[in-house]
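Q: Here's the letter readout for the chains.
2 protein chains.
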Amino acid sequence: MKLRIVVTLKNGVLDPQGKAIEHALASLGFSGVGEARVGKLIELEVADGTSDADIDAMCQKLLANTVIENYRVERPEVSGQ
Amino acid sequence: MKLRIVVTLKNGVLDPQGKAIEHALASLGFSGVGEARVGKLIELEVADGTSDADIDAMCQKLLANTVIENYRVERPEVSGQ
Chain A
287 MKLRIVVTLK NGVLDPQGKA IEHALASLGF SGVGEARVGK LIELEVADGT
337 SDADIDAMCQ KLLANTVIEN YRVERPEVSG Q
Chain B
287 MKLRIVVTLK NGVLDPQGKA IEHALASLGF SGVGEARVGK LIELEVADGT
337 SDADIDAMCQ KLLANTVIEN YRVERPEVSG Q
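So the protein lines, in turn, are chains A and B.
Here this note's numbering is used: the first residue of the first sequence is 287, the next is one more, and so on.
Here this note's numbering is used: the first residue of the second sequence is 287, the next is one more, and so on.
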């Protein structure tokens with residue numbers, strides 16, 4: 287099955303890449319642009335029987351730095367997206 | 287309104303970060319892990335009246351490198367997520 291793992295910076299953690307996007311969009315003449323935050327999207331193919339505990343362990347050990355980042359797992363098939 | 291812009295590498299473009307994740311997960315003892323691809327997720331706050339053409343222009347001029355990357359725009363409010 288295919289998983290989408292979304293890793294985003296926690297609120298309050300400075301996001302320089304997001305700030306750069308805000309300033310660049312303003313410089314390019316786009317008005318009305320507010321906050322920008324940049325995260326990672328990891329599309330991962332795993333075996334069908336992979337347990338939620340294993341997926342959580344993958345995120346906590348490797349994919350996300352849980353000190354400064356949140357993660358959530360989306361299962362495109364189950365949610366019908 | 288808040289937009290989610292998902293930027294992913296096109297098929298066929300080498301993804302070293304994804305390969306590193308595949309190998310690292312295997313080294314950590316997770317079996318059954320297949321392909322991993324890493325993309326960017328940009329959460330952008332824009333004014334409510336922003337046109338689709340403007341959003342497309344932002345993606346093409348700044349947020350995505352359309353030579354090697356695809357992008358899609360998700361509107362969480364509209365789709366009810």
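Some clues are possibly wrong.
If several chains are the same, the list does not tell them apart, and a pair holds so long as it fits within one copy or across any two.
What the hints assert, rightly or not - No farther apart than 35 Å at their CA atoms in a straight line, the calculated lysine-lysine pairs in the DSBU-like style are these:
hint : residue 1 : residue 2
1    : Lys296    : Lys326
2    : Lys347    : Lys305
3    : Lys347    : Lys296
To be clear, the hints were calculated from the coordinates, so they are not data collected in a lab.
Nothing here was measured: the structure is a model prediction, and the numbers come from that model.
Q: Evaluate each hint against the coordinates.
A: So, going through the hints one by one against the coordinates:
Taking CA atoms no more than 35 Å apart as the test, Lys296 paired with Lys326 passes in both settings, with 13 Å inside one copy and 16 Å between copies. When the C-alpha separation of Lys347 and Lys305 is checked against a cutoff of 35 Å, the pair qualifies both within a copy, at 28 Å, and between copies, at 17 Å. Taking the closest pair of Cα atoms, Lys347 and Lys296 come within 35 Å of each other both inside a single copy (17 Å) and across two copies (28 Å).
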